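**Q** Here is how the chains run, residue by residue.
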Amino acid sequence: MRSAVKMHAEDIGFSKLNQTKIVTTASELGRNVLEHGNGGRVMIEHIKELDRSGLRMIFQDEGPGIDNVEKALVDGYTSKCGLGLGLSGSKRLMDDFELVSQPNNGTTITVTKWT
Amino acid sequence: MTSETVVALSKLISEFKAEILSEWIDHQLKDPARSQSVPEASIRTNSAEFIKLFEVAAAKGNLVDISKPEWEEVQHMLSELSATRAVQGSTPTDTAKFIFSLKQPLFNRLNTAHGQTTSEAAKSVWELSLLLDKLGLHTTEAFQRTRESVIRRQQKEMMEMSTPVIKIWEGVLAVPLIGTLDSARTQIVMEALLQKIVDTGSKIAILDITGVPTVDTQTAQHLMKTVAATRLMGAECIISGIRPQIAQTIVHLGIDINDIVTKATMADAIKEALYRGGWVFERQLDSASISR
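These protein sequence lines are chains A and U, in that order. Start counting the first sequence at 1; every next residue gets the next number (this note's numbering). Start counting the second sequence at 1; every next residue gets the next number (this note's numbering).
So that you can see chain A by itself, here it is in the shape it has in the complex (with noise of 0.2 Å):
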């Protein structure tokens, strides 16, 4: 999944560091789909505005959830023994980011960013 959203960030044209930055995105968020969601899909989308174009990833799973969503999204929190930093840090690196998820009804995690 890596190289293929690797491959799609250098087609829309991103500088080397925000290629960079939407893989790690990809790795992280994607980590999270097979850890927490018990597997998942991901969609690559191109998006074209009239003044922007971007990249939009869009993260889905059918886990368990997130009981607590602001909660996740602080620093160094983990369910696990990870980090912390997955959810956190992903935000930080992309330019938009929205969480929605329901206990025991999956997660579905969109990412965009815009070069």
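Careful, some of the hints might be misleading.
[Unchecked claim] Chain A residues, not near chain U, derived (Cβ > 12 Å throughout):
{"id": "1", "residue": "HIS8"}
{"id": "2", "residue": "LYS21"}
{"id": "3", "residue": "ASN38"}
{"id": "4", "residue": "GLY39"}
{"id": "5", "residue": "SER53"}
{"id": "6", "residue": "GLY84"}
{"id": "7", "residue": "THR112"}
[As the list claims (entries may be wrong)] Within a straight-line C-alpha distance of at most 25 Å, the following computed PhoX-like cross-link-like pairs (lysine-lysine) qualify:
{"id": "8", "chain 1": "A", "residue 1": "LYS80", "chain 2": "U", "residue 2": "LYS52"}
{"id": "9", "chain 1": "U", "residue 1": "LYS17", "chain 2": "U", "residue 2": "LYS30"}
{"id": "10", "chain 1": "U", "residue 1": "LYS17", "chain 2": "U", "residue 2": "LYS52"}
{"id": "11", "chain 1": "A", "residue 1": "LYS16", "chain 2": "U", "residue 2": "LYS263"}
{"id": "12", "chain 1": "U", "residue 1": "LYS134", "chain 2": "U", "residue 2": "LYS11"}
{"id": "13", "chain 1": "U", "residue 1": "LYS263", "chain 2": "U", "residue 2": "LYS196"}
These aren't lab readings, by the way, just hints derived from the structure by calculation. Model, not experiment: these values are computed from the prediction. For each residue, glycine too, the CB sits at the ideal point set by N, CA and C.
Could you slot chain U onto chain A? The hints should help.
**A** Chain U only, in chain A's frame:
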């Protein structure tokens, strides 16, 4: 399957063995999609051997269950053939075709050589077709198994290959990390590094991450664990090869690496390590004295 059909079939095979074989080989060699990785000579010998074993097995009267002992030799031969071809680089389709291409010559014989009624001929064709399908599937399975074992071996080799611990100076070790750092890789690196520290009594280890494509929170955590374990052994770690993009990404992720010594390049890290070890280097200005 009725015994009549079986007898008819095995009789047919032994009677027209030579014709079937030559037609079959011809068929295989003329296949436009034939891969060049299998030489003509081996097709000839393989086919001849298969027909021989097939004749023997078919004569024993069981054309339905190929897991029975009478088919053991045929199965064994096919497994070996698939394995050889898998290593040579054929596709599974090519290998399965070896069996499937036998259908036409056999069916031709069935239709022409015997004055059977249409329904009998159709039945024989059906039975024979089922049998050959089973054998064909067997080759595909054997092919897959060989491929998998090749992949497993390569994976293991790659794992070992990609994590060398090099002694670059008295008391200084270097570990060039290449590829994604997952838990399994980290474990191998850590074990190799700690063992080498014990063996060489080194005081400084340089972890070079130039070849690590992305550093996310998990990679960082793995690195920090390695550093912590090294410290417990009484040695220090320097992490080198941090590219500008990775440095910025680490900062944005909010990973705290304050207590780890990091350097941009391996050269800087080596300099630092030697400096700490008390080594002083001087460049000789008179170049003539170097070339002697």
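**Q** Hint by hint, work out which the structure violates, then give me just those numbers in ascending order.
**A** Failing hints, ascending: 2, 6, 8.
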